[in-house]
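Peer 1: The residues making up each chain are set out below.
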Amino acid sequence: MPTLTYRDALRQALIDEMDRDPEVFLIGEDIGRYQGTFRVTQGLFDKYGKDRVIDAPITEPGFTGMAVGAAMVGLRPVVEMMTMSFSILALDQVINSAAKVHSMTGGQASVPMVIRGPGGHANQLSAQHSHSLEGWYAHVPGLKVVVPATPADAYGMLKTAIRDDNPVIFTENPGLYALKGEVPTESGDFTVPFGKARIAREGTDVTLVAYSRMVSVCEAAADLLEKDGISAEVVDVRSLLPLDTETIYASIQKTNRAVVVYEDWRSGGFGAEIAARIGEECFDSLDAPVGRVGGLNVPTPYSRVLELECIPNEHDVVAAVRKIG
Amino acid sequence: MPTLTYRDALRQALIDEMDRDPEVFLIGEDIGRYQGTFRVTQGLFDKYGKDRVIDAPITEPGFTGMAVGAAMVGLRPVVEMMTMSFSILALDQVINSAAKVHSMTGGQASVPMVIRGPGGHANQLSAQHSHSLEGWYAHVPGLKVVVPATPADAYGMLKTAIRDDNPVIFTENPGLYALKGEVPTESGDFTVPFGKARIAREGTDVTLVAYSRMVSVCEAAADLLEKDGISAEVVDVRSLLPLDTETIYASIQKTNRAVVVYEDWRSGGFGAEIAARIGEECFDSLDAPVGRVGGLNVPTPYSRVLELECIPNEHDVVAAVRKIG
Amino acid sequence: MPKSVKQSLTQSPTEIEKYFREMVLIRKFEEKCNVAYRTGKAGGYLHVYIGQEATGVGWINSLKLGWDYVIAAYRIHAFPILMGTEPVACMAEIMGRVDGPSRGKGGSMHIYDIPRGFFGGWGIVGGHTPLGAGLAFAAKYRKEDRVTLCFLGDGAANAGVFFETLNMAALWDLPVIFIIENNEFAMGTRLEYHAADTELHKRGFPFGIKHERLDGMNVLQVKEDAQRIIDWVRENQKPYVVEVMNYRFVGHGAADNDQTLYRTAEEVEQNKERDPLHILRKIMMENNIMTEEKMEAIESEIEEQVEEIYSQALESPHPEKSEVYDHIYTDMPVEKGH
Amino acid sequence: MPKSVKQSLTQSPTEIEKYFREMVLIRKFEEKCNVAYRTGKAGGYLHVYIGQEATGVGWINSLKLGWDYVIAAYRIHAFPILMGTEPVACMAEIMGRVDGPSRGKGGSMHIYDIPRGFFGGWGIVGGHTPLGAGLAFAAKYRKEDRVTLCFLGDGAANAGVFFETLNMAALWDLPVIFIIENNEFAMGTRLEYHAADTELHKRGFPFGIKHERLDGMNVLQVKEDAQRIIDWVRENQKPYVVEVMNYRFVGHGAADNDQTLYRTAEEVEQNKERDPLHILRKIMMENNIMTEEKMEAIESEIEEQVEEIYSQALESPHPEKSEVYDHIYTDMPVEKGH
Ligand SMILES: Cc1ncc(C[n+]2csc(CCOP(=O)(O)OP(=O)(O)O)c2C)c(N)n1
Ligand SMILES: Cc1ncc(C[n+]2csc(CCOP(=O)(O)OP(=O)(O)O)c2C)c(N)n1
Ligand SMILES: [Mg+2]
Ligand SMILES: [Mg+2]
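Residue numbers (the working numbering), protein chains in the order written: chain B, 10 to 334; chain A, 10 to 334; chain W, 113 to 450; chain F, 113 to 450.
Hints in this document: simulated from the structure, not taken from any laboratory.
From the three backbone atoms N, C-alpha and C, an ideal C-beta is built for every residue, glycine too.
Any given hint could turn out to be false.
Said to hold, decoys possible - Just some of the chain A residues that point at chain F, by a computed CB distance under 7 Å:
hint	residue
1	P70
2	H111
3	G115
4	D198
Chain B on its own, in the form it takes in the complex (with noise of 0.2 Å):
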């Protein structure tokens, strides 16, 4: 099996599926003639024509809504956010009408487009740039929301993504671009379906419930904590919406303890409505509180000290560990 980063992982999910099906398009700022600000589209423009990877001027709102109307009639956009932080700007388009058009017209027509992009801290960009927003997403009901950690599950899960009738928030953490990781590319149709966690390592004592790049950070804790002799288990859930409970509470009716971990601010975050429903599905199982690692709830400095202080890392997750223990 190749070996490929996160990046080229989905850069090859990209031509899958523009090879496979001419309706598929992508837009979005300077993914064409400059490559993409983080390369994933690097080569597409010239592979592809301008006519489907489509430099877009800086007007989140105005090419996000274009998709949707594009998508309405059965194309396939593909919509870069430089960042998902620029997302917020398009809110209105993805809430609004590409979650609702379903719904509103009875079942009459959907929206089978994709909004992908970096969501999540990179290094030092500062308040505006470093948001997490699939929380806030995946609170949206019309919508799924995809958080892979893996480059076969960003290869396989933005080919699903972009075979959805429905729209999906596809996230990308920066920090994730350059890990790499064996990738299916050869494997026939290799797609990796929404809704199904996945174990990315398997423990005992406690169950640490993450997504994106907190899966890394989880399975660096659990490495701490087993030489401790606690054995962590890290579900890596991979899609917030559909979420995979039945996974999460299998595991944790075999724990008895869970952490949840995300990046995104702790208060509010998905990881609450993680930790309420294990809280309600397993009480009975569980032996100590639910805990939670989350990013601090501040805006993001730019200053790199403060910055650290602000995401998660492995020796915050193995105190929550400790704290619930």
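Chains A, W and F with the ligands: place on chain B using the hints.
Peer 2: What follows is chains A, W and F with the ligands alone, placed relative to chain B:
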């Protein structure tokens, strides 16, 4: 003490503060000559003139941003969103400008502004006009989020909000405008602080945690439960950010059971955060899982039959109490 | 109204009768909607098209129906009806009944007839304008010569996303016509209080888009202008901005009672001279196209038709409660319960 | 460069020397910022103003400093420096140190000097334009004759909120000047690929706002235009839209390495003729205002000054970890911990 509607209490708060401070001004769509869509600003255009009661074009991002700029130099704008649903368009200005100024300037500037308007379901306004957004806002550090349930709180908290040096999201539920109650408009300078919950009804068997219109739904549920010998305490949190967890936890220490009730979509609403916190902090006091009652996870349909299905009512609350009973 | 209409009629009497019938149908249908609202058979936000009929009739009649695309905001009852949707279905939707195109989930503001090319039906002012560009984009992408009409209001013409859309439409030569229906009010706010320059067609200028201000009251004139512009756009594959001057004779929505807050009775009275039905009646008489008796007969006939529409719609059932979970996703159930 | 500069100089040699010094300071400061970035002393998104110095110098020098307001996007180092903020403080902010005006919380994109009237410093393209209107609104509300300058890029001039802002500014006669710095690129996208009509000043037209395209390279010309327009706005209390033609000689940000993706080396070379420092040097020589030796001496002097700024900034400490909780609210602590 005079008896006022929630609507009139809000208006009186605006009048008090505009009289008190010439730097308070109002801006919003149809608030002036048209007297306000929900008539909260009735009479104020005549009283204060077009320079202080400003009819804005239908450009939520524009006038919200304008208010932020004005607030940065010390004016105190009160922005009316005709419905809070439209504030989605202005989210960038709220999240990226208003909420972050104090932090990004390192404390040099602040944004003393209020954004107010009806949030939640009215009557058959369909999918795009029925959002409860307070949970999204309460996720954002730098904002304060207020959700008064009574005319007195509407009055006292709006005054507090206008005097606050930070951006305040002030959510009124359209179903509350006609609610009547005693309002101490004449007793000196009555204000209600943020971050102090109110025990709306005392009880011993279960704690119902709610805000805004759901407080009266919980009160109605408590009436029903009482008939069956269950004594429910209703905690009206009044503000989501800051959140008075102390009062919530104290109540649960007494009742050992909790149900969190909110009108917003159940999954990922701020009720999840409240439930998660209770689960974390009251683990040993809880005799049952923390229950939740939220709005259905669907875009609100127009049909009244279906709309009523979406909005939690007292029977849903009773059912949730029974479920954990 | 131009004095010289007599000489310049280019439409046949049959066509003119069609327009008349359509305009009367819309007028009566809308009046009935207001009744439905007042009697509690319809709710929510309900906006009627009274005073603007000539605009809809002139423009929709210039399209290739079943091929071209139309999208509009929330004052929309007329569009699907003109495009062939059963009026009973529209009325049923307005009443929230299952025989509406959205099975009662959309209501007055959210009517769609996708097979016929009507794409709604949107409540966020200005928010549908990029969708209009998207429909045109799709047609162009597929090398189909469909034209898209995107109707919006004078108030909507201030929305930022509309300008973003104009830039994209011009940048990528999208075959879309933005029709700003300037009915002089955005809810309770008069044109001059919401637009710094009240000539709204000028919004096309910074993007090099052809733009005109046109009459929206004389349906024959509207039809001519519409046909010219639609043909041009189909031919040249470029966008167009049109400002159509009409007038809203009714409240903003069915719940907008106190119109004195934003206009005088005299102003409304004066504008009655511009009422599109009044104008067309006058033209037909002056040109001997139809007698007054015939007009009255048609009006009564349509009045009856609308009564029939209304009572048929009333017979349509309300949705089953379980339908609340339908149509959220194409392929996935949602979690149930509170 | 106009041939006739010799005859038309209206500024005194002292003034011209001041502009020269300021432009050199900005140039050297920015070059040093790029060094800071490359050596890991600065991070994140860092955008320098090389090629655009004449615009900043001409306009800021036409203001009443300490009274008027300025707001800009993220390519902003020059503005506070020209308005009187200590360059060491700016460099400290860019390095994320506590002696920056935002104590290192803002960084390159978010510098503010509120007492001096500089309001940042914003990363969302176009998002600061309504704030600019708000500053002007506040001045007008308080009956103060402050003028607000709101700088934005060519790419930002497409953002919907900018058009919304123009409408409001014109509707309410706000004394704000929107200065579109057309440096021909929005990141890696050339002007003609992002703007349907590349004359961006036309964006003022649909709102009846006075609008002009002006040179941004000859600082003396810039100063004259700026003074004329600022005076007009102060006097007439109305908005203005200005498109200033300049050029970005460097990458979009310090991390934008491959400029060949969007322009040729020849194009950059050709534009060097327009380099504002080159032009000013030439004018000063042709008009015998300064000798080459003096210019070089000034340049070395400023180069040393910038070295000093850099090393002083480097001495400023990083913030204490506990500061992460500061300045979220004016009056309320935030919950601590993960
Ligand atoms: C973004 C947004 N803000 C406010 C509203 C409330 N609203 C609904 S219609 C309307 C007036 C729109 O006027 P115009 O565009 O002229 O259309 P008309 O009603 O005249 O057809 C307003 C303010 C809304 N629906 N969306
Ligand atoms: C809303 C938004 N979208 C995208 C970006 C990413 N971005 C930052 S700067 C930039 C280009 C802006 O170009 P222009 O306005 O011409 O300013 P210049 O960089 O030339 O000074 C882009 C796309 C952003 N910051 N905000
Ligand atoms: Mg109108
Ligand atoms: Mg530029």
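Peer 1: Are there hints from earlier that the structure breaks, and if so, what are their numbers?
Peer 2: Hint check: 4 fails alone, others pass.
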